[in-house]
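J.: Here is how the chains run, residue by residue.
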Amino acid sequence: MHMAATPHKVSATGGAGSGSSTIVETLAEFARRRKSFWVVLSLAILFTAWEIAGRVPISFAFPTFLETFAALIEMTLDGTLLPAYAITFQPLLIGVAVSAVLGIGLGIAMGLSDKAEWLLAPVFIVLQAAPMAALVPLVTFVYGIGLVAKTLAVIMLALPVIVLNSYKAVRHVNPSLVDMCRSFQGTRLQQIFKIIIPDATPVLFAGLRLGIAAGFIGVMLAELLITPTGIGDLITYHRSIANYAHMYAAVASIIAVSTITLAVLQYVEVRFLRPEKRRK
Amino acid sequence: MANPMPARAAEQSGTATSDAIVEVRDICKRYGDIEALRGINLEFERGKLTTLLGPSGCGKTTLLKIIAGLVPATSGQIRINGKVVTGPGPERAFVFQDFALMPWATVLRNVSFGLELKGVPQAERHRIAKHYISEVGLSGFEEKYPHELSGGMRQRVGIARAFSVNADVLLLDEPFSAVDEQNRRKFQEDLLQLVEKERKTFLFVTHSIEEAVYVSDRIVLLSPRPGRVSQIIEPNIDRSAAPDVIRRDKGYLDVVEEIWQGLRQYAE
Numbered sequence: 147m148h149m150a151a152t153p154h155k156v157s158a159t160g161g162a163g164s165g166s167s168t169i170v171e172t173l174a175e176f177a178r179r180r181k182s183f184w185v186v187l188s189l190a191i192l193f194t195a196w197e198i199a200g201r202v203p204i205s206f207a208f209p210t211f212l213e214t215f216a217a218l219i220e221m222t223l224d225g226t227l228l229p230a231y232a233i234t235f236q237p238l239l240i241g242v243a244v245s246a247v248l249g250i251g252l253g254i255a256m257g258l259s260d261k262a263e264w265l266l267a268p269v270f271i272v273l274q275a276a277p278m279a280a281l282v283p284l285v286t287f288v289y290g291i292g293l294v295a296k297t298l299a300v301i302m303l304a305l306p307v308i309v310l311n312s313y314k315a316v317r318h319v320n321p322s323l324v325d326m327c328r329s330f331q332g333t334r335l336q337q338i339f340k341i342i343i344p345d346a347t348p349v350l351f352a353g354l355r356l357g358i359a360a361g362f363i364g365v366m367l368a369e370l371l372i373t374p375t376g377i378g379d380l381i382t383y384h385r386s387i388a389n390y391a392h393m394y395a396a397v398a399s400i401i402a403v404s405t406i407t408l409a410v411l412q413y414v415e416v417r418f419l420r421p422e423k424r425r426k
Numbered sequence: 074m075a076n077p078m079p080a081r082a083a084e085q086s087g088t089a090t091s092d093a094i095v096e097v098r099d100i101c102k103r104y105g106d107i108e109a110l111r112g113i114n115l116e117f118e119r120g121k122l123t124t125l126l127g128p129s130g131c132g133k134t135t136l137l138k139i140i141a142g143l144v145p146a147t148s149g150q151i152r153i154n155g156k157v158v159t160g161p162g163p164e165r166a167f168v169f170q171d172f173a174l175m176p177w178a179t180v181l182r183n184v185s186f187g188l189e190l191k192g193v194p195q196a197e198r199h200r201i202a203k204h205y206i207s208e209v210g211l212s213g214f215e216e217k218y219p220h221e222l223s224g225g226m227r228q229r230v231g232i233a234r235a236f237s238v239n240a241d242v243l244l245l246d247e248p249f250s251a252v253d254e255q256n257r258r259k260f261q262e263d264l265l266q267l268v269e270k271e272r273k274t275f276l277f278v279t280h281s282i283e284e285a286v287y288v289s290d291r292i293v294l295l296s297p298r299p300g301r302v303s304q305i306i307e308p309n310i311d312r313s314a315a316p317d318v319i320r321r322d323k324g325y326l327d328v329v330e331e332i333w334q335g336l337r338q339y340a341e
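So the protein sequences, as listed, match chains A and B. Just so we're aligned, residue 147 is where the first sequence starts under the numbering used here, counting upward by one. Just so we're aligned, residue 74 is where the second sequence starts under the numbering used here, counting upward by one.
Just so you know, these hints were derived from the structure itself, not from any lab.
Every beta carbon over 10 Å from chain A, so not counted as near; a handful from chain B, in silico: (1) Lys121; (2) Lys203; (3) Val268; (4) Asp322; (5) Gly335.
A few chain A residues that face chain B, going by a derived Cβ cut-off under 8 Å, partial list only: (6) Met326; (7) Arg328; (8) Gln331; (9) Arg420.
We put the beta carbon where it would ideally sit given N, CA and C, even for glycine.
Taking the hints into account, I'd like the entire structure generated from these sequences.
T.: And the structure:
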């Protein structure tokens, strides 16, 4: 039935009946087993749609995928992209590091103690609900246009997400495991470090990933709203001179960097912190 | 081989036998307006396996958790070896209905966890843990993670963990309820062997009448809303016989029937 569907393949491979469908079968087998096949397919569909939309064109300001890709290569080679990332990463890394340490710490404290929850939860719930872009100009007003203001913008976006997720992570720890620790006379500290934090790890990391994604939003807001620097500067500059392929290349590259960062974090979590997930 | 008429323990309270390792005195438990347990008085003899049996809502698990010190009683006392206790202690070990295994830890670490909390050095606790892992029939699975095991095997890990801290009293909260029927029977037989070998006191909560009669020296029937002791039955079954013989024995079947008659009024 395979042969009937692809008769031309039979002659192409010299008529050997069994060898004819090997390529198709290998590909089908690969598609069935490997997740990567579907990831590549998904990206291929996206980029093809982009290319077609750019060629129609849907707007004179919308470059094709290939033009954008060429612009990205050009910017990488002529040394504008990497220095821009060096600048963008400063507030991003400081902000995310502060948010991660402070956020996980406060979140765990809120999860463990009702008093800490009552004290802190309202603040972070309001902060998470607030449209932060509206607060960025206030930060500029107080802290100027330097690194401090940009770092604060990152923290304002990343911290509430990390705090609230860490808090939820601790509250959703399996109560039966906590009882188990108590029944074997574990101390409160043993309970926290041997049961609660390990059991909360998957949700803690989910919060961290959301927080880092929010941090990327924060740093882009800062670079677009406060003063154009780094990648934000590349975007603003190329827009101002109608160099749309380069502008899209800068936007696409920050999206790619953000995605890769989150994927690496997930890999680190599974590789080092969830031994039971490693063996499948 | 078995006593055709089960002996009934007339005394439900008071009369202290000298060998009671666990004493339950006037335990009451309220959750807000709901009265879960009313005036429970019980004694559990050293080296015996006693079952708490009753329909859902009779508070049998609550009573077991009060004895374990995991749930505070509203009033009353629990005495272990004559001493009043208010929290968990080294003389008791608990086996959980949902196993309560750490998913991120291997079988070996799960079994040795009670000793890890007490600060026993790693080599020593692993040696003890390996002994009990083989005792419950899980040799070769030391480095597996809980999700790689079947429900029955996971509960064997839970039982090995309870054994490894060398407590006098083992408290088992419906340990086989998440285990399928075939494995449950095998598990009951293995448990009886362990009871024989380890010479510990077992308190066992179940809602299965057959299971209770098969494994117990003594069965405490609880009635619901509020939970009270309604009857105490001693099956007096000769456990030296083969399991298949016991399950077809008239005495065994009579006790099962008698308990069912006592409980059927609570069935919906």
